[in-house]
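Trainee: As a plain string of letters, each chain reads:
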Amino acid sequence: MIDTAPIDAIRPLLSWLDMAGVAVFAVSGALAAARAKQTIVTFAFFAAITGIGGGTLRDLLIGAPVFWVGRSDYLAVCLIAAAAVWVLRADRWKLASLLWFDAIGMAAYAVIGAAKAHSLGVPPLPSIVMGVLTASFGGIIRDVLAGVPSILLRREIYVSAAALGSASYIVLVELGADSFVAGGIGFAAGFGLRALAIGRGLALPGYRDGGD
Amino acid sequence: MIDTAPIDAIRPLLSWLDMAGVAVFAVSGALAAARAKQTIVTFAFFAAITGIGGGTLRDLLIGAPVFWVGRSDYLAVCLIAAAAVWVLRADRWKLASLLWFDAIGMAAYAVIGAAKAHSLGVPPLPSIVMGVLTASFGGIIRDVLAGVPSILLRREIYVSAAALGSASYIVLVELGADSFVAGGIGFAAGFGLRALAIGRGLALPGYRDGGD
Amino acid sequence: MIDTAPIDAIRPLLSWLDMAGVAVFAVSGALAAARAKQTIVTFAFFAAITGIGGGTLRDLLIGAPVFWVGRSDYLAVCLIAAAAVWVLRADRWKLASLLWFDAIGMAAYAVIGAAKAHSLGVPPLPSIVMGVLTASFGGIIRDVLAGVPSILLRREIYVSAAALGSASYIVLVELGADSFVAGGIGFAAGFGLRALAIGRGLALPGYRDGGD
Chain P
1011 MIDTAPIDAI
1021 RPLLSWLDMA
1031 GVAVFAVSGA
1041 LAAARAKQTI
1051 VTFAFFAAIT
1061 GIGGGTLRDL
1071 LIGAPVFWVG
1081 RSDYLAVCLI
1091 AAAAVWVLRA
1101 DRWKLASLLW
1111 FDAIGMAAYA
1121 VIGAAKAHSL
1131 GVPPLPSIVM
1141 GVLTASFGGI
1151 IRDVLAGVPS
1161 ILLRREIYVS
1171 AAALGSASYI
1181 VLVELGADSF
1191 VAGGIGFAAG
1201 FGLRALAIGR
1211 GLALPGYRDG
1221 GD
Chain G
1011 MIDTAPIDAI
1021 RPLLSWLDMA
1031 GVAVFAVSGA
1041 LAAARAKQTI
1051 VTFAFFAAIT
1061 GIGGGTLRDL
1071 LIGAPVFWVG
1081 RSDYLAVCLI
1091 AAAAVWVLRA
1101 DRWKLASLLW
1111 FDAIGMAAYA
1121 VIGAAKAHSL
1131 GVPPLPSIVM
1141 GVLTASFGGI
1151 IRDVLAGVPS
1161 ILLRREIYVS
1171 AAALGSASYI
1181 VLVELGADSF
1191 VAGGIGFAAG
1201 FGLRALAIGR
1211 GLALPGYRDG
1221 GD
Chain V
1011 MIDTAPIDAI
1021 RPLLSWLDMA
1031 GVAVFAVSGA
1041 LAAARAKQTI
1051 VTFAFFAAIT
1061 GIGGGTLRDL
1071 LIGAPVFWVG
1081 RSDYLAVCLI
1091 AAAAVWVLRA
1101 DRWKLASLLW
1111 FDAIGMAAYA
1121 VIGAAKAHSL
1131 GVPPLPSIVM
1141 GVLTASFGGI
1151 IRDVLAGVPS
1161 ILLRREIYVS
1171 AAALGSASYI
1181 VLVELGADSF
1191 VAGGIGFAAG
1201 FGLRALAIGR
1211 GLALPGYRDG
1221 GD
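Chains as they are written, first to last, in my numbering: chain P, 1011 to 1222; chain G, 1011 to 1222; chain V, 1011 to 1222.
It should be emphasised that the hints constitute simulated quantities derived from the structure, not laboratory data.
Among the hints, erroneous ones may be present.
What the hints assert, rightly or not - Here are some chain P residues pointing at chain V (derived, C-beta under 7 Å):
id, residue
1, Gly-1073
2, Pro-1075
3, Leu-1130
4, Val-1132
5, Pro-1136
6, Arg-1165
7, Val-1169
8, Ser-1170
The C-beta atom is built at its ideal place from N, Cα and C for all residues, glycine as well.
Full structure from sequences and hints, please.
Mentor: Given below as structure tokens:
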């Protein structure tokens, strides 16, 4: 199970964000399968990998029990998300609505990943990296398996927003802030930057683009 | 080492299936290298990744010691398989013979992976997922590294057969069946479905293929 | 942290090689991002994955705490390497200079990876594999994420040199050699073979190239 014992103050928020994050990411994985005209089995596989992949890597790296192995609800959420996309033909929804859900999941996971690592004694810099990995790795694996260019290779701001969110949380907690406040600010910072990227096409300059 | 202590009843079958599964999957990895006209070193790398990759992921996820790290025989089997494919020019064998060997390995691993996880206290749904991962992940990594479309993206029934096999085993054991009987039925179910896929070209419908 | 306690005799050499290896591999990751005209965030991601990816896999497989999670310096080195490549426009350096740095890192990591696993009780054959993985896996992940053919699929001698280096170290230590001497010989063997590959285009024959 996810170890949130040392961060009880923000447990209700975290629990809600945690399951919501899995669901949102699972939907995005199933949508990738829908775009590739895949089968229901691939829907389920992509939903699970995208939904729980980032947190799995985080838990392996920090030496914690992998959060979904000891219980059934996280996997069940992924399977339900895959079935829902298949049945509801969610790929006909407006893409924008999904982008916003994904932004919420990303911002939540950036804070949750950093908070879990930090609460287990991981130093600040690796904790920030855990937040970034939790928020982005599921999507990266999904893209590699689907054979499409990963989010890493697009210039749109995504990983940067995750980094801003987890760094904000860690810096504030290190400065003595209440973890609930730090979590809220970290979430808002990550979500806000990602919202600018979605709404205004904000992107990072590529190498040499801005230098000469 | 692979922890089969809690499932002593099916240990002889499991031991035989286990090493046979590594060998069969290692051969399929070496054949992928042969098709790409690779070197003997790549043969060995692909054989090892395909042979032991699925079980490695399972062990990392359930927190067990990785089964091949504490001993030399599993790696030795992979190296022998790579050398055998190189020397015997096994890529000229009929493809069908390999498909059948692979089906045996897949069905065996689906049961073994689920049984190992379940015997260590993992709940039913994650245990079934462990069976599917053990049976399919080695081949997925092999395909990604080789740059060919992974089995995940083909509609042929493969992952589904692994899911049927591991789910049959877990459901029967949960219902109180003898683990030897459950293992045999799980193996037969997974192998049988895969055999139908090979023999009759059975495939799953892609998204929207069957719906409109 | 990296557990070198049982190999104190070569600790100074190992520490130097270890950080140098991370830096050199991180630079090669950032250069891959530069070639793809990526953003500074992708530079950092590729530098970290390439710099610490191999050692991360090794530590997960042998069940040791992942070496960079409990401290900040390894990640800091990766970020500095990424920033340095961005600012110094290192992709305009002669490619040859990078190849030689990379060869040093590869040979060092092949010995370090094997030595760490062996010192924790892993048998000889899996220890050699750990050396090969530590030396090559970061680069493999980098190539897969970047969507370019991985070093595994090129015939140039690279993985073979890592295998020669780690095997030399393990065989010598098993025969009773001093670990410092064995480490030096292993490094020289791996680096020497890689140097021949770079300097003279030494490559392995592909399957059937040399056989008919």
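Trainee: All hints, please: hold or fail.
Mentor: How the hints compare with the structure:
Of the supplied interface hints, the one on Gly-1073 (chain P) holds, with its beta-carbon coming within about 6 Å of a beta-carbon of chain V, less than 7 Å. Interface hint at Pro-1075 (chain P): violated, since its Cβ lies 14 Å from the closest Cβ of chain V, which is beyond the 7 Å cut-off. A distance limit of 7 Å between C-beta atoms decides the matter here; for Leu-1130 (chain P) the minimum to chain V is near 10 Å, and the interface restraint is violated. Against a cut-off of 7 Å between C-beta atoms, the interface hint on Val-1132 (chain P) holds, since the closest Cβ of chain V lies about 6 Å away.
Below 7 Å, beta-carbon pairs count as interface contacts, and Pro-1136 (chain P) has one with chain V at about 5 Å; its hint therefore holds. Hint status for Arg-1165 (chain P) relative to chain V: holds, with the closest Cβ pair at about 5 Å, below 7 Å. Because the smallest distance between the Cβ of Val-1169 (chain P) and any Cβ of chain V comes to about 5 Å, under 7 Å, the interface hint for this residue holds. At a threshold of 7 Å, the smallest CB-CB gap from Ser-1170 (chain P) to chain V is about 5 Å, leaving the interface hint in force.
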